Structure formats: structure tokens, C-alpha cells
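The chain contents come next:
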Amino acid sequence: MSPVPTQTPPEATMAPAICAQDLRRHYRMGESLIRAVDGVSLQVAAGEFVALLGTSGSGKSSLLNLLAGLDRPTSGSVQVNGRDLAGLTRQELSKYRLHAVGMVFQSFNLIPSMSVLENVELPLRFAEVDRDKRDALAREALQRVGLVGRIRHRPSELSGGEQQRTALARALINRPKLLLADEPTGNLDSRTGTEIMSLIRECNQDLGSTVVMVTHERPLAERYAVRLIFLADGKLVDDRANQPTAVASVEGPA
Amino acid sequence: MKALDLTELALRNLRESVLRNSLTTVGISVGVASLVAMLSLGIGLQQLANRRLVKSGLFDTVVVTSRRDLRNFGDDDQSNKPSPAESPVLDEATRLKIADLPNVIEAYPDIRFITSLTYDDKPHLTMVAGIPQSAKLNEAFESLQGSFFSSDEASEAILQKSFAAELLGKTPKAGTDEPPIAELSKPLVGRELIMRYAERIPVPAPGTQAAPGSPPEQPAQGGTSASPTESTTYSIRSKEIKLRVVGVTDLDPESMRGALRARVMLPLKLVQSLHVAQPAAMRDTTQAASGAATYSAISVKVRNPARMQTVEDAIKKMGYNTFSMLDATRSLRRFFAVLDMFLGIFGSLALAVASIGIVNTLVMAILERRREIGIMKAIGASDEDVQRLFFAEACVMGAFGGVFGVALGWTIGRVINVATNIYLKRQGLQPEQIWFVPWWLVGGAIAFAIIVSLFSGLYPARRAARLDPVQALRYE
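Chains as they are written, first to last, in our numbering: chain A, 68 to 321; chain B, 1103 to 1578.
Keep in mind that the hints were calculated from the coordinates and are not lab data.
Dumping the calculated SDA-like pairs for lysine to any residue here, alpha-carbon to alpha-carbon at most 25 Å:
| id | chain 1 | residue 1 | chain 2 | residue 2 |
| --- | --- | --- | --- | --- |
| 1 | B | K1104 | A | E159 |
| 2 | A | K162 | B | M1103 |
| 3 | A | K302 | B | Q1573 |
| 4 | A | K302 | B | R1576 |
| 5 | B | K1403 | B | E1208 |
| 6 | A | K162 | B | L1106 |
| 7 | A | K302 | A | N148 |
| 8 | A | K162 | B | A1112 |
| 9 | A | K200 | B | T1109 |
| 10 | B | K1104 | A | H166 |
| 11 | B | K1104 | A | E207 |
| 12 | A | K162 | B | R1564 |
| 13 | A | K162 | B | R1565 |
| 14 | B | K1272 | B | Q1529 |
| 15 | A | K162 | B | E1486 |
| 16 | B | K1104 | A | D197 |
| 17 | B | K1104 | A | R221 |
| 18 | B | K1104 | A | A203 |
| 19 | B | K1104 | A | P179 |
| 20 | B | K1104 | A | L204 |
| 21 | B | K1104 | A | V196 |
| 22 | B | K1199 | B | T1163 |
| 23 | B | K1104 | A | I218 |
| 24 | A | K162 | B | R1472 |
| 25 | B | K1341 | B | A1256 |
| 26 | A | K200 | B | R1490 |
| 27 | A | K200 | A | Y163 |
| 28 | B | K1104 | A | D199 |
| 29 | B | K1104 | A | A167 |
| 30 | B | K1104 | A | R157 |
| 31 | B | K1104 | A | T156 |
| 32 | B | K1104 | A | R242 |
| 33 | A | K162 | B | R1473 |
Covered stretches of chain A, as calculated for chain B (at least 3 residues, CB under 8 Å):
| id | region |
| --- | --- |
| 34 | 135–145 |
| 35 | 157–164 |
| 36 | 183–196 |
Residues of chain A placed beyond 12 Å of chain B at every Cβ, according to the derived structure:
| id | residue |
| --- | --- |
| 37 | G97 |
| 38 | L100 |
| 39 | R102 |
| 40 | A113 |
This one's a predicted model, so the numbers in the text were calculated from it and none came from an experiment.
Note that beta-carbon positions come from the ideal geometry of N, C-alpha and C, so glycine has one too.
Whenever a hint applies, use it, and build me the whole structure from the sequences.
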């Protein structure tokens, strides 16, 4: 494990992977206007591991959805790897989600009627990859996350950790430059949570993917992220570099 | 997404809620089945009617009469035509001319006369007619007991059922059932009848070139070769011929002719060779003084019923009267077109109800699979992917429903047909095919089911495609 990429300072000279400027996402909820994201500007360098911290309702998930291309900003701009997401059509946004972003969720979001293998290769179906190639790629991705057996099982037959590994394999199958994780360990016990976090960091270090992780657990963020961004009421309140503490002992329970 | 993957995913999704989707599919099946059953019965009935009409000879036969024959079949307007006395005679030359018209298969003279036939030393008076070999296909000979004429010149006779009963002295009393045809034919087939008839022999008038003693060959002389001003003498001689009964028919092959219909049928060539004196010949002596045969009527078989009008018009132009059942069949066909349409509408109603079932099932599926749609979108499914997936599901349900529906409709039609035939049999009637499923109906019904399903899937698929992934993922 080379620690080099993690020591890249936040204001690196590398081309920014993410560049958001005065990003806003407002929506109406009945009578009131919710300012989920309210004028956030930030830059994330390629290969960085960033944690988005904040209490629930602070807008961190909304910001993540904007980065993921699942949602469109009300105003402001967000560029990911040189692409202005606000200017993309629905069709282009789906292509962006398919090829450029991988997403991991707190609730895993696997399709219950599909086996592990099928869940992992689903993005390849949308990408119209050939059947044989799909199978090989899915197995490879599952191997990377350490899930070899039980790939014919349905998600409901797996433990939480195994499900999150499956979701991670699915997120990585198209080799995205950006990995977005929304409370990836929220539904896991601390031991399996650590395993998942180690895998995410592996992606960051070995594959060079930029990682943006939403969490409300500050200790977790401090162990893995090189940069901590704090949000409150949709605004960026703090942005500081961090020395990850878990670098030395990857498999350790910490 | 590739079509194969799409189908696979659609099938998987349909399997996930087997009961609901099967019920929807059954709904489509019932709709398609009723459509197929209705239309197959409509088509079957129409074909039955067409078959019967073609076989009856009503459909493709034009009867040509001379306008000199004041007894008319048709009710043609007489006012703008030459008076009967000025119109041409129906003779052999005319027959050949008509036979040469386009779309005419054959034109044969209608020879019929009333004469007496002796059976068991007892004379019976009836109408005798010559019929061509081609009449064998007429539906009247479908239930023929015995056999058809061995040749066009054989001294053979086919009897109509009622005449057969008369010969045997078994004429049914009014109100009682007719004796079965087999019972009538058994004692008669193979027996001999003696027919007495009046032979017409032209006697050369003094001063004509006809060689004395030459055999009377009227048809061969080619019609109007002799000058009409010359007078011809006929002599009528009573003659007898022995006829062997070869068959008895159940139905009347000449039902169209009403009172003129014959009850004893002889081969046409045989009848022609007899030179029987006919009323028409008497009437036309002034015109056909040559001794050439004149006919009271000529039957014209038309190749294609659709060309009846053309042929009729051509013959009318020649100055003759024509009669056919064309108008009757035209209105019959119109009736069937309307019948088919109504049956089709009833069938489609069932399919319309089924399509509402598809909409319902798919909308339910969207609600149920909201989250799944959100996931698919989050990992890169485009709007089109989601839309196509729902379309594929509708399409698969439609295809299954269509296939099962056609099978079910086919079975229903068959059952109705079998039941009808059991009923017909009890009534002592011949079994009939009243149901027919043409290939276009099979293909059309399945295609229609799929199209209806896709149409029904339009709204649900759009709704699924438009689903906001953020909201869908939040939904638990």
C-alpha cells in the first residue's frame, strides 16, 4: 500500500475532478422553500478522498446527489472531470452516471429480485456490453471486493457486509473516475464497516478514483479522508485537510 | 439496452409477481380469444355461404335467354331494347360466340323438355334436362347415391329424389318425412327407364341443295348458313331410348329454375344427339329455317364471380336477356362484411377491457418498483432504458396473451363447430365447417394483442421513465 496519493494536499496542482461554484439546490415543500444546498463552492482534486460531514438535513446528501448527476442544481455550476453537469440533457446525465460515477448507499440499494452477480453486471447491461464479457467483468469486480462464493444468491440471503461489498462491486464495474458513497457504513456494525471502508480506500489508492463520502461520523472520516468538508444548512462551513489515521493498518479493526 | 437483455429483464420482472401478471395475461388471452372466436365464426360462415353458392351454380352461372322468349327470368327494363321479334335467336353460333367471351369457362345449351318415361310398364311425365359433365361439382351431387354419368354420351340418367319416390310409388304424403335417399336409390340404380320423345327431323324442302338421305346434323351446319327466306319442313317422329339409372340426388341441382327444373337429368351430349323437338324450335322456325338448332336458354359458367357483371353486360350487348344471382350474392356479401365487423367489435371490446388490465398492472408495478427504478437510474439507466423495460413487459404480456388467446379462440371456435355439427346431425343434416381460422387471423390477432399491450404500456412506461431518481430512492 503506497500512501503517496493520500498525501496529496487539498490545493493540489492537479486538474480538479470536481469544481462547484455557488451551487444551489432549492425545492419547495408545501409552503416553505427548502435550501438544501445554498451556495456551495468547492474544488476536489483528482484522486482525493473527501469526507462530507454534517448533521442530518445539512445538505450533504443533496450535494452528493448533485455530484452524482441524479439531481440538477437550481443555480450555480458543477463540473465533474471537465463536464458541466447542469448543461447535460437527461440522456447525457444517465450516460454520465453510467460511465463516470459509481455510487454506494447506506441501504445498499441492490435489486432484490436479482442475484449478486446480476446486480453487479446490471450497469453493463445498460452499457450494452456483451454477455460473456459482462460475466467476466462482474466476477472480477466481485473478486476485488472479496466476494467469491454466494454470487448466485439473492441479496436478501447475504449479510449486510456482503451486500455492501456487492454494491461496491457494482459501483466499480464501469471503472468510474468518481466514487460517491452515502453513509456506506451506516447500516453495518463497526467491524464490517471498517472492511468496507478499507475497500473504498483501496479503490481510491489502487484505482486512483476520486472518493467523496458523506458521513455524520467524524471519527470515521478522520480515519480515511484526506480532507474534511463540513456542511450546515446547505452551506460550506469548514474545509480542512486531514491526516488519515488508518493508513498504516488497512485490515486493522482500528 | 439490448433487445435480448430487455426481454430477459422483462421476463424476470414478470416472474416476480407471477399471479398478477398471469391474471393480466389471462385477461388479454380472453380478449384475443373472443376476437379470434368471433372472427373465425364470421369467416367460417362466410366461407360456408360462398362454398354453397359456388357449388349451387347460382354464384357463377349466367342464364342467357333470347328476348324472343317472352317468358323472362329477369325483370330487365324492356323499353329501350329492340322488340322481341327483332332480337337475335339463341342458336349454336351464339353459343360459340358466348363461349369465346373473356372470363367464360363454358357455355352450354339448356335443353329441357317434358316427356314421358316408362318404368315398370308405367308411364311417368316429367321434365328432362341435359346437364354437362362439369355439373358433377354441383352441391346437388354431393349427396348423390350411385354414380355420376360415366361419359357425356352414355345412355344414363340421374333422378331427382322426388321423381325416384314417384317411380317407386313412395311419394311422401304431406306432413310426413321424406324417405331416406339411400332407400330410394337402392332399387332404382342399375334399372332401365324407357324414355319416349319427339325427334325433330328436317325434311329438305324442294329445291334446296341438301343431299337426300343425309343424316340430320343440325349443329354441325353452323347456324344461319341457310337463307331464312327458304322454307324448311320438319317432321316429328316419336322415338324411344333406353336409359340406365346411375344415381339419385338428394338436392335439386336446378333450384334456380323454379318451375322449369328437371327431375330427370341426362348427359348433355346424349340429349343433344337426340334432336328432341323443343318449344323454342317451334317459335323460331321463321328465323332458324335452316334447321340449325336453337336453344331456349344457354347456361354460361363464369370463371370468377367478380367478373359476372362484365360477362353479363357483354351478353346483353349481343341482344339477349341474362339472369344471374349476382345481386343476391352482393347483398349477401355486404351482410357478411357487417356481421364480421360486429363480431370484431365485440371481440375488440373484450380486448379493450384487457388493455385496461395491462395499464393497471403496469401502474401497480411502477408503484411497487419505484425504488428499483430509482436504483436503475442511479447506476446509469437512461429514461429510454426504463421506458423500454416497461414496454417490453407490456409486449411480453401481450405476446403471451396473444398466443394463448389465439389457441383459446381456436378451441372455442372448434367446440362451437363440433356442437353445431352434433346439432345438425340430430336434425338429420350434413355436418358443416362453420368456423375457420386463417393464418392472417392468427398473425393478426397476436400482432393486435401486442399493439394493444404496447399502447396500454405507453402511459405507465412514460411515467416510470420520468420518475425522479432522488425521490424514488428516498421512497421506502
